[in-house]
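Peer 1: Listed here are the chains, written in short residue letters.
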Amino acid sequence: MSLKIVVLAKQVPDTRNVGKDAMTAEGTVNRAALPAIFNPEDLNALEQALRLKEQHPGTTVGLLTMGPPRAAEIIREGLYRGADTGWLLTDRLFAGADTLATSYALATAIQKIGDVDIVIGGRQAIDGDTAQVGPQVAQKLGLNQVTYAEEILKVENGKATIRRLIDGGVEVVEAPLPLVVTVNGSAAECRPANAKLVMKYKYAACPLEIADDDPRRALRAERNYLNLTQWSVADVDGDASQCGLSGSPTKVKEVQNIVFQAKESKTLTASDQDIDGMIAELLNDKIIG
Amino acid sequence: MNNVFVYIEIEGCEVREVSQELLTKGRKLAGELGVELHAVVIGTGIKGKVEEQILPYGVDKLFLFDAPGLFPYTSAPHTDIVVNLFREEQPQICLMGATVIGRDLGPRVSSSLTSGLTADCTQLEIGPYEDKKSGKTYEQLIYQIRPAFGGNIVATIVNPDHRPQMATVRSGVMQKALYEGACKKEVVYPEVGKYVSPEAFVVKVLDHHVEAAKHNLKGAPIVVAGGYGVGSKEGFDSLFELARVLHGEVGGSRAAVDAGWIDNDRQIGQTGVTVHPKVYIACGISGQIQHIAGMQDSGIIISINSDPDAPINKIADYVITGTVEEVVPKMIKYYRQNSK
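Top line first, the protein sequences correspond to chains A and B.
Residue numbering for the first sequence follows the numbering used here, starting at 1 and increasing by one per position.
Residue numbering for the second sequence follows the numbering used here, starting at 1001 and increasing by one per position.
Source of the hints: derived by calculation from the structure; they are not laboratory data.
Misleading hints may appear alongside valid ones.
Straight-line alpha carbon distances no greater than 25 Å define the calculated BS3-like cross-link-like pairs of lysine-lysine that follow [what the hints assert, rightly or not]:
id : chain 1 : residue 1 : chain 2 : residue 2
1  : B       : 1204      : A       : 253
2  : B       : 1204      : A       : 159
3  : A       : 286       : B       : 1330
4  : B       : 1204      : A       : 154
5  : B       : 1136      : A       : 253
6  : A       : 266       : B       : 1028
7  : B       : 1028      : A       : 286
8  : A       : 4         : B       : 1278
9  : B       : 1136      : A       : 286
10 : B       : 1340      : A       : 253
11 : A       : 251       : B       : 1132
12 : A       : 266       : B       : 1333
13 : A       : 251       : B       : 1278
14 : B       : 1132      : A       : 286
15 : A       : 251       : B       : 1028
16 : A       : 266       : B       : 1314
17 : B       : 1278      : A       : 266
Could you put the whole structure together from the sequences, leaning on the hints where they help?
Peer 2: Right under this line is the structure:
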């Protein structure tokens, strides 16, 4: 059976490699110093989708993302790796969304896409680490969910068999489609970009990315696959009050830059004498031993 | 109405420690708010077997749901029970473990009830809040405090208008303690069929396999932790050796886990294990907030770092400026010599 798969993907600042220049002198986060990347676990999810596409002829894989126009970059990255299409949800009304407002927006877009068999995304995004959006989307759509998936073992007779991680172990579950799956980082890595697909899709863009004097206007008119779908709140028939900041029950009361309570510390070198002295002191004080 | 609820997680008939830790925290919050502490536990064949693992932590009322198909956990039946129970009980706060189950269930419940949920909190406090836009003030909200943005900042989150205010907390972040004070310890056994429909049981668990933990990082008196400065997977060998001679355990920072140098279940920090050892030896760890959140209550902190300005040095009792490669073998050597 052919499947219609939507991959939920997010463009995130690369918080894993935060250097000293990532914080400004005032102690705020300098987003410009952090490269924007494809959320790592969303790539694991894409790989699971692409494997299903190989196993089930006629399957389509589309990437759904929400963000500013530049987030279209991760749709292109998905196309380079083998996805068929993508949708960018972009609108000022989506800004400031917490996980619940985000899941509302994604769920309305998935309804707009229609007849989806599997919605699959990473377990969590590295900028928030909440793992909430997948299950919240599932609940909004009234679908079953399998979180912390490591491998989709098979899909047949309208059911998916999935191996997933649980605390201290593993589980194999069978769940009927349509289904929301979130994929753990321990799942198979995503295949790299395919050179032919890069050639094919490198000029793919959403309308907001295209300048008025775009030199590739004719090319885009000829090759429709270069035109990425871009949706606003109105395009997905969304209720603006449930989107963005106004649709977010959680509010940020304050954000603090951490100032560590400096302790009185002993400063040592790596010399034998210093290390010997420290160990002797710790033993003497019965802290170790 | 308006009470504090804790969702109790079980494996078979055994209550998970994280739930007992949350009961202790929940008891304190309920006390400050002048309300009751309630708990909900859902499983199969648990009646008479789990109550005594729950009530002594200060529970006023326990809702115990026992029916076939409720263990192992699956999303839909547990969601239906919790959502329908909360519709009746209208709690003001709900706490869950930031475990695989809590992180599967919490978002579904919050999505159903349109209530806010904050993941992986490291502190929970009661306090006032003023919404500057609307000018509304709130007397007693729960401050949900967590590192954010990869652990580079700490955010305080509140849910002013939606109930329950929901938060998940990782295992080991709160400390469990039996409650000495008076509480009602009432247990009720609601009829499961009134809360969940048969259609909710469509996901089948074909195989469920849980192993005993391979290590006791959470309870270890001495922790040797390695970060990006360890440099390689092989570099961790000397850390394991140091931990072995000191009778401790080895952990790692997120950077070391991401690099594949150490197993994911040994990650220390907000999104990993929280430790409270007597001695914490940080080897080549710079000290992002998300890491500090998982070890700051350690007794003595020793930091080994080639960068004298590494943030972790500020909270360290001993700062050794040098490479892990050079210092750790010397620590092993002098421990062996001096402890004879």
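Peer 1: Which earlier hints turn out false for this structure, listed by number in ascending order?
Peer 2: 1, 6, 7, 8, 9, 10, 13 and 14
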